[in-house]
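Student: One letter stands for each residue in the lines below.
There are 2 protein chains.
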Amino acid sequence: MGKLVIVGTIAFDAIETPFGKTDKILGGAATFIGLSASTFEVDATAVSIVGDDFPQAYLDLLSNRNINLDGVEIVKGGKTFFWSGRYHNDMNSRDTLVTELNTLANFNPVVPENYKDAEVVMLGNLHPLVQASVLDQMTTKPKLVILDTMNFWMDSALEDLHNTIKRVDVITINDEEARQLTGEYSLVVAARKIHDMGPKYVVIKKGEHGALLFHNDEVFYAPALPLEEVFDPTGAGDTFAGGFAGYIAKTGDTSFENMKKAVIYGSTLASFCVEKFGTERMLNLSSAEIHKRLLQFKELTQFEIELQ
Amino acid sequence: MGKLVIVGTIAFDAIETPFGKTDKILGGAATFIGLSASTFEVDATAVSIVGDDFPQAYLDLLSNRNINLDGVEIVKGGKTFFWSGRYHNDMNSRDTLVTELNTLANFNPVVPENYKDAEVVMLGNLHPLVQASVLDQMTTKPKLVILDTMNFWMDSALEDLHNTIKRVDVITINDEEARQLTGEYSLVVAARKIHDMGPKYVVIKKGEHGALLFHNDEVFYAPALPLEEVFDPTGAGDTFAGGFAGYIAKTGDTSFENMKKAVIYGSTLASFCVEKFGTERMLNLSSAEIHKRLLQFKELTQFEIELQ
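Residue numbers (the UniProt record's numbering), protein chains in the order written: chain R, 1 to 308; chain P, 1 to 308.
A hint or two may mislead.
Heads up, simulated EDC-like pairs for lysine to aspartate or glutamate below, C-alpha to C-alpha not over 16 Å straight-line [what the hints assert, rightly or not]:
(1) R:Lys-193 <-> P:Glu-299
(2) R:Lys-298 <-> P:Glu-299
(3) R:Lys-276 <-> R:Asp-217
(4) P:Lys-298 <-> R:Glu-113
(5) R:Lys-292 <-> P:Glu-299
(6) R:Lys-193 <-> P:Glu-257
(7) P:Lys-298 <-> R:Glu-306
(8) R:Lys-298 <-> P:Glu-229
(9) P:Lys-193 <-> R:Glu-306
(10) P:Lys-298 <-> R:Glu-257
(11) R:Lys-3 <-> R:Glu-113
(12) P:Lys-200 <-> P:Asp-136
A few chain P residues facing chain R, derived, Cβ under 10 Å [said to hold, decoys possible]:
(13) Met-1
(14) Lys-3
(15) Asn-114
(16) Asp-117
(17) Gly-210
(18) Leu-212
(19) Asn-216
(20) Phe-220
(21) Ala-222
(22) Pro-223
(23) Glu-289
(24) Lys-298
(25) Leu-300
Quick caveat, the hints were computed from the structure, so don't treat them as lab data.
Backbone N, C-alpha and C define an ideal beta-carbon position, used for all residues, glycine too.
The shape of chain R in the complex, shown without the other chains (with noise of 0.2 Å):
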């Protein structure tokens, strides 16, 4: 059974979309990772920071998923990371009513002794300087370092992030994010310039229009599901990112044609995601539901053809 280390927020979220909206409820990257790789059979770890104003069921509803839960610092008399943000009518763009960085002010995380030889590390969005120490702490090297990012650090610690970015395999970003960081439009040649940065693989999300992965000169497209409906696009990047870290760990598999299925592995995981507000889907999900969507995503892109 693989080890993860996951880093990122364990958060508040308040939501407002055309549906209805959200009092504080339980959100943040390290509990949508962390949701998302546990349904593979893997040993993870959160790292992360709470004020004692979080409640411990939400903690428990993580460690009930065998989410380590060692590296996770409760703040006495400190308040949690809160973030509300309203998505408009398209459920592609959003506005940040409010961020309340709280504890995460002054987050220094520290992987647990026993995760430091992980063969996986999750580096989920938190600026670039807090997800190099996680790396700085690691005894052994892992097999594979992913990390997540966005636009925020571009604009303010954009030497510190290309000097994270130099130390990681896999970089998981979205296509402005990626058109931003490069200054190309072209996600083919922004993918080779993200490539020489350091980053072996580079996923780019594209929301509603799926996910490349780009390796060498070899991309791979996996399209996301249509959907009915989406409901509350909040966490479908990072369960995305926890999927593919997930599939990871526990296959001990870092080849190109593995990391496909990781790629489809996030994306069936996120379009369940987007179903309900926060993680309520997520903590509703069965292997079954899994299986069956797994076999959705085959059948909407697979076909034969026959040269002529």
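Dock chain P against the given chain R, drawing on the hints supplied.
Tutor: Frame of chain R, contents of chain P only:
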């Protein structure tokens, strides 16, 4: 060898892209559809209209590809339809600079006698009443009627468009147009509504994001090949439609499985079209190149996955 009727414009285009600009060159929906369809062994006729300013050399380019031109009216003293457009840097949007209908304003399509029993009819983007008049001339019911249209007719001739849509088997439409036609953002819901308007098959073209084929509850997603550079998108949609129609005409098989292949052929041919200005790439395309790219398409999307 299946018979294919193509109706659409044969035109002059003048194109500006970030890579350069052209004088008046060969363009038009029937041109691109014809060049694409004629990569298959089909007996195709183009039904269109030009002025006597249209060079015989351009007509020869089409007839040399075994496209019958008996249905192309040459108006003495008339001028050929002319379109000019400028693409923005992202290549996804464009401004129309000039539209001179000229002879197209009085186009009454006449299907050559020998093609009134054609198995496949491809109605290129034109006024829906003009498209309908082609169907009126068919003496035997075609196996498959495919209609391409655009937002212009939704704005200016919606009732006529609805009446023509009722009579076709397949509609090809882009994502924004599908949303406009149905008032639905979700493409799954939009496809279902278009299905209810008549067409049993709905193809939604998403440009660089590929194409979706819907039929009842089945869906197939053909991603677009990620390209290093899109040089000129003009004619890509028509080239897609021409590949689709040509493959169906050649095989005579209108099953969903075969339509998947038709979509893949259409995407493959469209991926060439955008590499050069106008028809240039389609006029210099070998079957070896098409085969190679079909294999790339297969590599791009195919995966093996074991259920666990």
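Student: Going through the numbered hints above, which ones does this structure break? Give me the numbers in ascending order.
Tutor: 1, 3, 4, 5, 6, 8, 9, 12, 13, 14, 15, 16, 19 and 23
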